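J.: Next come the chains, spelled out residue by residue.
2 protein chains.
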Amino acid sequence: MVRTVLGCEVGRVTPEEFRQFGHRLVDWIADFRRDIDDLPVRSTVEPGWVRTTLAAAPPEKPESPEAILEDLSKVIVPGLSHFQHPRYFAFYPANASLASALGDMVSTGLGSIGLNWEAAPALTELEELTCDWMRELLGLDPAWKGAIHDTASTGTLVAALCARERASDYGLDRDGLREGPPLTMYSSEAAHSSVAKAILLAGIGRSNMRLVPVDSAYRLDPEALARAMAADKAAGRRPAAVIASIGATGAASVDPLAEIIEVARAHGAWVHVDAAMAGSAMILEECRVLWNGVEEADSVSLNAHKWIGTVFDCSLLYVRDTEHLVRVMSTDPSYLKTHRADDVTQYRNWGIPLGRRFRALKLWFHLRLDGAQAIRARLRRDLANAQWLAAQIEAADDWYLTAPPMLQTLCMRHEPGGRGSMASDARDAHTLRWTEAVNRSGRAYLTPTILDGAWSGRVSIGAEPTERTHVEALWRLMQDAATDAGRSS
Amino acid sequence: MVRTVLGCEVGRVTPEEFRQFGHRLVDWIADFRRDIDDLPVRSTVEPGWVRTTLAAAPPEKPESPEAILEDLSKVIVPGLSHFQHPRYFAFYPANASLASALGDMVSTGLGSIGLNWEAAPALTELEELTCDWMRELLGLDPAWKGAIHDTASTGTLVAALCARERASDYGLDRDGLREGPPLTMYSSEAAHSSVAKAILLAGIGRSNMRLVPVDSAYRLDPEALARAMAADKAAGRRPAAVIASIGATGAASVDPLAEIIEVARAHGAWVHVDAAMAGSAMILEECRVLWNGVEEADSVSLNAHKWIGTVFDCSLLYVRDTEHLVRVMSTDPSYLKTHRADDVTQYRNWGIPLGRRFRALKLWFHLRLDGAQAIRARLRRDLANAQWLAAQIEAADDWYLTAPPMLQTLCMRHEPGGRGSMASDARDAHTLRWTEAVNRSGRAYLTPTILDGAWSGRVSIGAEPTERTHVEALWRLMQDAATDAGRSS
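In the order they appear, the protein sequences are chains W and G. If you read the first sequence in our numbering, its first letter stands for residue 1, the second for the next number, and so on. If you read the second sequence in our numbering, its first letter stands for residue 1, the second for the next number, and so on.
Simulated from the structure, these hints should not be mistaken for lab results. Among the hints, erroneous ones may be present.
Note that identical chains are pooled: a pair holds if it fits in a single copy or bridges any two copies.
[Said to hold, decoys possible] Using 30 angstroms as the maximum straight-line C-alpha spacing, the simulated DSSO-like pairs for lysine-lysine come out as follows:
no., residue 1, residue 2
1, K74, K145
2, K233, K61
3, K233, K74
4, K145, K61
5, K61, K74
On a predicted model such as this, the values are computed, not experimentally measured, just so you know.
Given only the sequences and the hints, what does the whole structure look like? Please build it.
T.: So, in structure tokens, the structure goes:
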């Protein structure tokens, strides 16, 4: 529809034009997902290629759907590594289930924003409902109240801020962090980088951050934690928070939560549980032993957008004391005061952003269209696949695991002369050579990691379409790549 | 597709099922947008109704598309206030252009995550490209580098953290905020609530936050700022940041940027320009006088998801010194090190979250399918509509504007006996009565605001489908509602 106003064309995509192009894009997406197996898993483009291949100047006049579709297929798709590929074993599973994608499409189409309850009551209340659904599926107590954030990085920052304010008796209302004893925060050496980032952004300072040593399974050592906290207290500092990892990124290691909480409680420190990745597994009753003690924590974050597979971004943050959360995060300007302000949840006071996308829709669609049973079965399939691959590695000559296999993440090395036969530099070079050869082949994608100061291969199983045959193919590829790399060095 | 694994059904929505339901949802969205005029603008549901009307327990088995479609139409849509409605005049325009909605659909379908460049080169490079397109359309210097964040609340927090670290010479690497002189931060009394929130979350403390008085047009008074900064410096504190508002939320007032920057520069303070709302207008050359001096600021945020109309969330944050940004925000764990890490942008080091949605696609689709010319023409249409309404109000008996009309936001009062005839309590009650009557009618939606301690009506023009006829209808409705309210009181 184009009208002329003040001598200019006022055009925009109309509902009918949306309908037509929308149908084509649904087909384009369905074809992309159906045929994804044929694409190289890791993108093969050079830095700058996408940018320089696309038009440099912003368009003054409308362009055609055809021009955009061509760029999508010829530039955008080759310019992506494919997280939804059956032979994707990199970083962590980040499934974008098509059930949830449908819900997200509706969210975008509705164009709602949750500034407060009144602006979008259904957005608020469906977020409450779906967070409760997930809480129930995770086996958590009804005392936990959840909200959807973008990422666990943000969740950890919110938790660190809440901890800071509790330990300082709301220093934000006075002189910030300058009064009282210095606050200290604790996590493990193996914790995700976002933990240190949250502590530093919260203003705690690197000199008050403690990355506690881990045991041989890369789990935080609770005795070392107890010693560090006691030493800080004796030195006049105040332990404010401990961030425990349930599935730390490197080797998916799981900190001993119950013991950590016991130590933290003795100092009144906030306990945040970063279960961003492995939290998904807690929808399986048999895995819940891994976070024994969670009910005594202050906050828990886990990403529905990882292994569970609600399309990014959908990170859940649960807290027990919502009043404290609101006191730290709330704002109440007049233009957000509304006629039903008191008896409803105002999610803007539960996190950092004011504006809020209708993210609950994708979680709701996902759980309703796939059903919890099927999601659980898929996670069990992935665990069985990881156990199978771990067994192959343990049985194979010249291969060994470098961390106890946790859930669906495996870390391993290959040494052509057998374990311990290579100097560490040569072994690092060999590890990086064979993993890069796997990735360069386009037939699988895995991301190596440093454990104990040395490189390991790392396989993270759990892409939605990954079946046993794909894991078998990966294992053959790893063996061939390692043999070749051993020969060429 | 359903397979049996470990005795359980592993099912998920397949590409073919996505195709079928996707087509239905595209039609559903197109119909919703086409017929939106028939819906009440503000939701009429009671608190709790959505929540209690929907199923309480998470589904174990897959449900049908029909069940979901029925809930969408019967529960979700009535449970929303409609930002995309032609008679939406509340908060601020938050347009979800259908052009951008198509791009967002593709983003969701691709299921990409920008953890680093290698994970999604096209995601990174299209974000660079579209941020540059917007920079060019806004008339900003090429020295500005942009990234897409969720909201301007987050952008302001990032700016406050950057300012804190610059003023403390990277205190985060030492003792946080405990060393050196206390840092102070400044904004205006009229600034958005997210500004105070950012300063407090950054750990500056309320006692070091200065909300500087405004003039009669609700603009920060630069002389008062200069006095406050000089007093703080004399008292041993260090002015670290000034946050200027280009379009403060209440009356869309515009701070005198050039004068503010001159004052701030004398103290070496970071200047962040919060142009979340009115930044949209800067794609019109004739409006750029409003942010004269912007080139000398340190950071600027503006929301493409407001008046411009790229579907939420799409908040742009531009900075001049990306090296400083990266030093404050960066993390470099081994599992994110990749084979092309050095010569590419790593956006994770430009903000708080690690994971990154492919948000550039919606901005790219929006600009390509609608074209810059049409977007500019639409904004000029809205400005003309606001000028028309302002003229009606100024000409009408018993009505007056309570702030100089800025851009597309008007603040007004009605007093049945003429301006100044009512006691302030009675006038507040009258204002809240007639605005609530407008909203309750379902035929328009506006959100009153407090200016100078008293309630004003507030009309924010600029929903994408809002034409002159809709503004005329609003004006009749306001007059009728005010007359009725005057009679009944």
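J.: With identical chains treated as interchangeable, where does the CA-CA distance between K233 and K61 reach 30 angstroms or less: within a copy, between copies, both, or neither?
T.: neither (65 angstroms within a copy, 52 angstroms between copies)
J.: As a check of your reading, is K61 near K74 (CA-CA no more than 30 angstroms) within one copy, between copies, both or neither?
T.: Classified as within; 22 angstroms inside a copy, 39 angstroms across copies.
J.: Taking 30 angstroms as the upper bound on the Cα-Cα distance, should K145 and K61 be classified as within, between, both, or neither?
T.: Cα proximity of K145 and K61: across copies only (25 angstroms, versus 48 angstroms in one copy).
J.: Within a copy, between copies, both or neither: where do K233 and K74 come within 30 angstroms Cα-Cα?
T.: neither (60 angstroms within a copy, 57 angstroms between copies)
J.: How would you label the pair K74, K145 (within, between, both, or neither) given a Cα cut-off of 30 angstroms?
T.: Between copies, since 27 angstroms is at most 30 angstroms while 45 angstroms is not.
Violated hints, in rising order: 2 and 3; the structure is consistent with all others.
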